[in-house]
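Protein chains in written order, with the working numbering: chain A, 14 to 510; chain B, 57 to 204.
Relax, there's no trap hidden among the hints.
Which residues of chain A face chain B? A few of them, derived with a C-beta cut under 7 Å, are:
(1) Leu184
(2) Gly231
(3) Ala404
(4) Val407
A short list of chain A residues far from chain B (calculated; beta carbon distances all over 10 Å):
(5) Met252
(6) Ala257
(7) Lys258
(8) Trp389
(9) Val472
(10) Arg497
Quick caveat, the hints were computed from the structure, so don't treat them as lab data.
Backbone N, C-alpha and C fix where the C-beta goes; we use that ideal spot for every residue, glycine too.
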Amino acid sequence: MIDALVSIFTTPLGVSAFAGVAWGIMGGALPGISPSITMALLLPFTYGMDPMLAIVLLASTYVGAEFGGSIPAILIRTPGTNAAAATVIDGYAMKMQGKAGEALGISLYSGFVGGMFGLIVLVLLTRPLARLALAFTPPSYFAVGVLGLSVIASVSGDSLVKGLMAGVLGLMISTVGTDPVTGLSRFTFGSPELLSGIPPILVMVGLFAIGELLVQSGEPGWEKTDSTSTRIRFPSPAMWRRLAKPQAIGSVMGTIEGIIPGGGGTISAFLAYNEARRWSSRKEEFGKGSPEGIAAPEAANNTVACTALVPILSLGIPSSNSSAVLLSGFLMHGLVPGPLLLAKNPEFVNGLFAGLFAANVAMVVLGYLIMTPCLWLVNRPKPYLMAFIYAFVVSGVYSIETSIFHVGLVLMFGVLGYAMRYFKLPFLPMVLGVILGFMVESNYRRSLSLSDGDHMTFVQDPIARVLLALAALVVAGSLVRHLRERRTHQSSSAAPA
Amino acid sequence: MPRDLALGLSTLALSIGYYAMTLGIPDSQLADAIGPQGLPRAYAFVLAALSAILIGRSLRSNVRLHSDPAIWRVVGMLGIGVVYVFAVEWLGYFLSIAGLIVATTYYQGGVVSRHVLIVALVGAVICWLLFVRVMGVPQPPGWWPALL
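Just chain A, with the same shape it has in the complex (with noise of 0.2 Å):
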């Protein structure tokens, strides 16, 4: 680990984690610009790079996408990302007392707590819980698979039929190609192209970057920043001092949120601002510029940021759109997150782990220091900013594998996200499908092949068992408060006006 940290100075690690910071802010502050579409827009670059600066550039965005969501919202009260809709509240209120330097400082301040909280928990949490996966079968890595794809439940918003129909359609995503077993080619139309199946990273690429800029191209310009006023101001000392409740409570929030799937920087956010707002004693300044308002939802969704990694690295299975991002550049890179990624490449692990407490650093470093040409990149005309996007879009999937092909098959998948978004299908399910559907079939037929086609194999082995169990305890749960909601919904809309 000591080697890993001395890397940061002697590799181009650091170089990477400041570049992945300095993009992600970049693009947390253009409205509507999510960290996935931010990250799903840097994929196509990272193809040639060694691999972990790619990951590490990769999660140094997310990082980075997290603060910078907060710069809109302090600013002209709209949230970059989804997750910074919280820090709007009193992030705004603030500017509006003419306190916006001193908000940002304090969101800037607060997501380097969070980030370095959720850092420390990753790196205590991910080794254990992948060498409980070392001893995993083909069964329970079918388990794995179910497990990952029972969040479906969870993450299908409004709609549980519309979020199981877009699992569905990724699980037929994932069967494009050569088949697992028998080697036949399933939905390949004949094309060579489609022979090893359809790379999540296009499909990712396809779903938020092209289907945002089709949904932008509808949409007004967003509003200009001031960008001459605007000059970041830390905390005092006593600040310091009234933030680290808050603070704390987000990390708890962020650490709870990131590792459960279907969780996120959002619902922490939320979850982080009303628990603050409660344990506060300051209760009536919430929502009229509270500095705690800021720090909590702050701290929350950049702990998300770094303990979102843990579901990835020891089990393989993304808990939020951002880490499917993050997974399937894991995968361009031939790099299968999950315990043998610990077992064969420890060095890997500890250089990403290293690369985050960079990235987290260079957020502070940054956040400070781009705020002025961040500010004239977001003030920068629509037509512009987009033509560029869209130009760096198509390059970049071309260059993965120098196929027009590809970059043909993620316009239509942009075509899909817009529908997708048009039709309220969520994308996350989607997603799941498609990066889990090969692991599922290919080790359910396996552990057929193996056990004679008894299907009791599953019920046999005990971490498939323990797996299955947790898998069916996540579906019961989500269908429970799915039909509360329901209920609560019937009732109120029942209750006269």
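Given chain A, work out where chain B should sit, using these hints.
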């Protein structure tokens, strides 16, 4: 038509089409008990069942399919990408990417002015330097460099 009904009918048609395609997957002597068609057929059945549920629910829904006024902007934006895909092999990367920047800027409400053309040229140079020179990606050169 209710929006969810349109979605349900589309996914139902998709599940039927997908199922029909599984019938074209040949049998293999290497196949296991499930076979290469097994899970895809199961997915088709599940999607059909979910579509039927959505169709049933949608009949009671008030949310109607509406024509999005922005849809033509979206189609146009997509069209620029499609034209790029077909043009890049012929025109080459540099000219195509410059054209894409000009077209997108114009389409998004800009005007074709000298400023836009300069920005597009600068953008194309940046992209060419980044992808071709720095990353070493052999982007399509097009037919015209051979004439130079």
